[in-house]
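The primary structure of each chain is shown beneath.
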Amino acid sequence: MNKPFYRIQSIVVCTALILMLAVNAPLASAVESKDVILSTTTSTVDSGLLDDLIPLFEKKTGFRVKTIAVGTGQALAMGEKGEADVLLVHAPASEKKLVDTGVVINYQLVMHNDFIIVGPVADPAKIKGKTAADAYKAIDTSGAIFVSRGDDSGTHKKELSLWKDANVVLTGKPWYQESGQGMGATLLMASEKAGYTMTDRATYLAHKANVKLEILSEGDKPLLNIYHVMQVNPEKFSKVNTAGAKAFVEFMIAPETQKAIGEFGKDKYGASLFFPDAVK
Amino acid sequence: MSVKLSVKNLKLMRSGRDILDIEEFILNRGDVLAIVGPNGAGKSSLLQVLSFLIEPDTGIIMLDGETVGNGNRLAARRKLAMVFQESLLLDTTVQKNIEIPLRIRGVSRQETATRAQEWMHRLGINCLSEQRARNLSGGESQRTSIARALAMKPEILLMDEPFSALDYPTRKSLLSEMGDILHTSGMTTVFVTHDFSEIPALTHQVAVLYNGRLIKRGDIQEILGESAVSVKSWAPWDDGAGSDFLMQ
Amino acid sequence: MNVFLDGFQSAFNLLISMDPDVLAITWRTIHVSTVATFISILIGIPIGTVLALTRFKGRGFLVSLINFGMGLPPVVVGLATWLMLTRYGPLGMLGLLYTPTAMILAQAVIASPIVAGFSIAAIQSLNPKLLLQIQSLGATRFQYLMLLLWEARLGILSAIIAGFGGVISEVGASMMVGGNIRGYTRVLTTATVLEVSKGKFELATALSIILLMLTFIIVSLLSYLQQRKAGH
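The listed protein sequences correspond, in order, to chains A, B and C. At position 52 of the first sequence the residue is numbered 52 (our numbering), and the sequence of numbers has no breaks. So the mapping is simple: our numbering equals the position in the second sequence, first residue as 1, plus 1000. So the mapping is simple: our numbering equals the position in the third sequence, first residue as 1, plus 2000.
For the record, the hints were derived by calculation from the structure and aren't laboratory data. Don't take every hint at face value.
In silico EDC-like cross-links for lysine to aspartate or glutamate, where the CA-CA straight-line distance does not exceed 20 Å [stated by the list, open to error]: (1) A/LYS157 / A/GLU80; (2) A/LYS81 / A/ASP165; (3) C/LYS2129 / B/GLU1086; (4) A/LYS97 / A/ASP152; (5) A/LYS221 / A/ASP134; (6) C/LYS2129 / B/ASP1091; (7) C/LYS2200 / A/GLU256; (8) A/LYS212 / C/GLU2202; (9) A/LYS268 / C/GLU2195; (10) A/LYS81 / A/ASP100; (11) B/LYS1153 / B/ASP1167; (12) A/LYS164 / A/GLU192; (13) B/LYS1004 / B/ASP1018; (14) A/LYS164 / A/ASP220; (15) A/LYS96 / A/ASP152; (16) A/LYS157 / A/ASP123; (17) C/LYS2129 / B/GLU1161; (18) A/LYS266 / A/ASP114; (19) C/LYS2200 / C/ASP2021; (20) A/LYS137 / A/ASP123; (21) B/LYS1172 / B/GLU1155; (22) A/LYS59 / C/GLU2202; (23) C/LYS2200 / A/ASP220; (24) A/LYS164 / A/GLU218; (25) A/LYS193 / A/ASP267; (26) A/LYS208 / C/GLU2195; (27) A/LYS208 / C/GLU2202; (28) A/LYS130 / A/GLU218; (29) B/LYS1011 / B/ASP1021; (30) A/LYS268 / C/GLU2202; (31) A/LYS137 / A/ASP220; (32) C/LYS2129 / B/GLU1140; (33) C/LYS2129 / B/GLU1024; (34) B/LYS1008 / B/ASP1021; (35) A/LYS173 / A/ASP152; (36) C/LYS2200 / A/ASP51; (37) C/LYS2200 / A/GLU218; (38) A/LYS208 / C/ASP2006; (39) A/LYS137 / A/ASP165; (40) A/LYS246 / A/ASP123.
Produce the entire structure from the sequences given, and follow the hints as far as they go.
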């Protein structure tokens, strides 16, 4: 034994590491035209819908979908920068800007679900059965705690528009608290504080077991949450995967997919989480 | 008498100060030279220059008639062996500590094993061969350090106060063993010490280093024997003071 | 408490039943972090050695930079890497965004200063006289460095453990440059965050426990190596 560091172990370890390194290399150089970057929102992914749909799409078309789940703001921004190939989002007012400026093309209505206002069983602000606007007015009057996402997401934007419709000014109101987080975390916070919040039905159903909140206001037209799918414009951004994006849009509005969307969640929650809307 | 090591016009400076300033210095084959001097005289620096660990600012050093420079410094180092005051062993067993330098110098496995055994035996540490260096006593580690140096069969052995960190009994026994070894092997040796009592066991040649200069060199009686005061209050660089040299 | 106990139960079940998703995620976690640590060793130890042993103008600044790098927030590294790798960014042509390779890259950037910083400390803590002694043995530059690293192995292994620990536990950069894509770039940390946001606390706890067990096993192995080589 001349030098202590020349051991069989180090040789074995080094070989193993080099093999690991090598195994990774092919992954990096995966054929890019097979990859479709789908930019969507956390709430969409959290519902689990895409876990069902994406494999169907991949099997059918051979494309590989890279689902990037971020806040609505980032999802739209990725579209505006051409960093994604296709978007699936639910902030129609913001999306309109992208359509008008030609950042996105092939803008298709996919589905909707709805928002609901949930709160503690005791319902201190007495909002049960009220319309969205009336419920918000009541919360303002009673000063009951309301937890907002406060993260510029589609949900947040919808919530703000409803406050506006109810003519409630939010600045300086101590009962209005912003979590800055996703829907799940926000629901938990509302539950802990025995406060109200506005959530999409799907996330609420998924978290129902963990929170002490009840559905108090639902069904009102303004509470609809509308999803569109759209391609990032290849004419503006040379690096988008046009074929893949187009295929994805077509897939989302195809009759079978639409049916699957309508079926989703029925067995688990006893009710549909999403309602297909693509024009037949 | 063949010249082993020759030094000319050696100057070493650090932060503007002259650490070493030696016009000429010659070491013949078989010489055993003790170098003495006060702290800060430059003894350690001199040894480090002679072992080619530090480059002097000016000066020519010749080993076996060949000038040592950038090309052959490593080869020159491999002809020498250095023992420091602290034993500076590697964090491994005693045996490995002796074997590794030999393997570094390209000695065959067989020869390495043989020499390691031989020198561990000579220095009385063969029962410690599997002991880790960190578990050794001061004397044991210094023996290992010396065994390591000698196993390398150096052409010149350099020692920088090798015994000063040891207790009296250990020092005494090591000194006499060392004396035997140097005597029988005829190894060219330079060793630095500040304890004059160590010198007679090993040699009669003494040189005095003071402020970086070699001010005296000669027989031990000449250099140290003139004075009559005790060791503590006398030093051969205090010219004019006389004393008897107390030998132990 | 119940969540923890249920979590343990789930973790056990998941592993026993060899749930393919979980196995894939676990393997990917090991793969990404191990390769990243390996790369950080290749970068960090040489840099650490050079900075520990040499003196040159600007050395102090570089050491400060590395020490600063040790405290660099992983999410900042993630953001910087993301900006480099986006399609229209400087390295966009490599097409590395949202791949495990991107995660390895980001993690290697996070771990390298850690490994370098600890290496510098490990080598600087060696007795300078020892370095002279080793040179006097007639070691070539390479032999000298190998012996040094061997002498400093306790500290060097700590460097590796610290680097590895730093990246296997990080989530921000992995999320950002990996995208947490199912079956492709999802690792234990990012999967845990996802499951929490979905409200699946039991599963999240299970994944966390698997991650802890994994980290414990690997770090124990390294620690054993470290202590064994130190002769304890």
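Hint-by-hint comparison with the structure:
For the suggested pair A/LYS157 and A/GLU80, the alpha carbons sit about 19 Å apart, so the restraint of at most 20 Å is met. Restraint check: the Cα-Cα separation between A/LYS81 and A/ASP165 comes to about 32 Å, which exceeds 20 Å; the hinted pair is violated. Of the supplied pair hints, the one linking C/LYS2129 and B/GLU1086 holds, its CA atoms being roughly 9 Å apart against a limit of 20 Å. At most 20 Å may separate the alpha-carbon atoms for a hinted pair to count; A/LYS97 and A/ASP152 meet this at roughly 16 Å.
Taken as a hint, the A/LYS221 and A/ASP134 pair is honoured in the structure, with Cα atoms around 13 Å apart against an allowance of 20 Å. For the given pair, C/LYS2129 sits about 14 Å from B/ASP1091 by alpha-carbon distance, which is consistent with the 20 Å threshold. The suggested pairing of C/LYS2200 with A/GLU256 is violated, with an alpha-carbon distance near 29 Å, which exceeds 20 Å. Taking the CA atoms of A/LYS212 and C/GLU2202, the gap is about 18 Å. The hint holds against a cut of 20 Å.
Using a Cα cut-off of 20 Å, the hinted pair A/LYS268 and C/GLU2195 holds, with the two alpha carbons roughly 17 Å apart. Restraint check: the Cα-Cα separation between A/LYS81 and A/ASP100 comes to about 16 Å, which is no more than 20 Å; the hinted pair holds. A hinted pair counts as satisfied when its Cα atoms are at most 20 Å apart, and B/LYS1153 with B/ASP1167 does not qualify at roughly 27 Å. Using a Cα cut-off of 20 Å, the hinted pair A/LYS164 and A/GLU192 is violated, with the two alpha carbons roughly 27 Å apart.
Taking the CA atoms of B/LYS1004 and B/ASP1018, the gap is near 26 Å; set against the 20 Å cutoff, the hint is violated. Using a Cα cut-off of 20 Å, the hinted pair A/LYS164 and A/ASP220 holds, with the two alpha carbons roughly 16 Å apart. The straight-line distance between the Cα atoms of A/LYS96 and A/ASP152 is roughly 16 Å, inside the 20 Å bound, and the hint therefore holds. With a CA separation close to 24 Å, the supplied pair A/LYS157 and A/ASP123 exceeds the 20 Å bound.
Simply put, C/LYS2129 and B/GLU1161 have alpha-carbon atoms about 14 Å apart, close enough for the 20 Å limit, and the pair holds. For a cut-off of 20 Å, the pair hint linking A/LYS266 to A/ASP114 stands: about 16 Å separates their Cα positions. Restraint check for C/LYS2200 and C/ASP2021: satisfied, since their Cα atoms lie roughly 16 Å apart, inside the 20 Å limit. Between A/LYS137 and A/ASP123 the CA atoms are separated by roughly 14 Å; this keeps the pair inside 20 Å, and the hint holds.
The straight-line distance between the Cα atoms of B/LYS1172 and B/GLU1155 is roughly 25 Å, outside the 20 Å bound, and the hint therefore fails. Proposed proximity of A/LYS59 and C/GLU2202 is contradicted: the alpha carbons are some 31 Å apart, above 20 Å. Distance check on the hinted pair: C/LYS2200 and A/ASP220 sit about 29 Å apart at the alpha-carbon level, beyond 20 Å; violated. The straight-line distance between the Cα atoms of A/LYS164 and A/GLU218 is roughly 18 Å, inside the 20 Å bound, and the hint therefore holds.
At roughly 31 Å between alpha-carbon atoms, A/LYS193 and A/ASP267 are farther apart than 20 Å, so this suggested pair is violated. Taking the CA atoms of A/LYS208 and C/GLU2195, the gap is about 15 Å. The hint holds against a cut of 20 Å. Straight-line distance between C-alpha atoms of A/LYS208 and C/GLU2202 comes to about 15 Å, which keeps the hinted pair within the 20 Å bound. For the given pair, A/LYS130 sits about 8 Å from A/GLU218 by alpha-carbon distance, which is consistent with the 20 Å threshold.
Between B/LYS1011 and B/ASP1021 the alpha-carbon distance is near 5 Å, which keeps this suggested pair within the 20 Å criterion. A distance of roughly 18 Å separates the Cα atoms of A/LYS268 and C/GLU2202; the hinted pair therefore holds under the 20 Å criterion. Straight-line distance between C-alpha atoms of A/LYS137 and A/ASP220 comes to about 15 Å, which keeps the hinted pair within the 20 Å bound. At most 20 Å may separate the alpha-carbon atoms for a hinted pair to count; C/LYS2129 and B/GLU1140 meet this at roughly 19 Å.
In summary, the hint linking C/LYS2129 to B/GLU1024 is not supported, as the alpha carbons are separated by about 28 Å, beyond the 20 Å threshold. At roughly 10 Å between alpha-carbon atoms, B/LYS1008 and B/ASP1021 fall within 20 Å of each other, so this suggested pair holds. Annotation: proposed proximity of A/LYS173 to A/ASP152 holds, straight-line Cα distance about 19 Å (limit 20 Å). Of the pairs offered as hints, the one joining C/LYS2200 and A/ASP51 holds, with about 15 Å between alpha carbons and a cut-off of 20 Å not exceeded.
For the given pair, C/LYS2200 sits about 25 Å from A/GLU218 by alpha-carbon distance, which is inconsistent with the 20 Å threshold. A C-alpha spacing of about 18 Å is found between A/LYS208 and C/ASP2006, which places the hinted pair at or below 20 Å, so the restraint holds. A hinted pair counts as satisfied when its Cα atoms are at most 20 Å apart, and A/LYS137 with A/ASP165 qualifies at roughly 10 Å. Simply put, A/LYS246 and A/ASP123 have alpha-carbon atoms about 47 Å apart, too far for the 20 Å limit, and the pair is violated.
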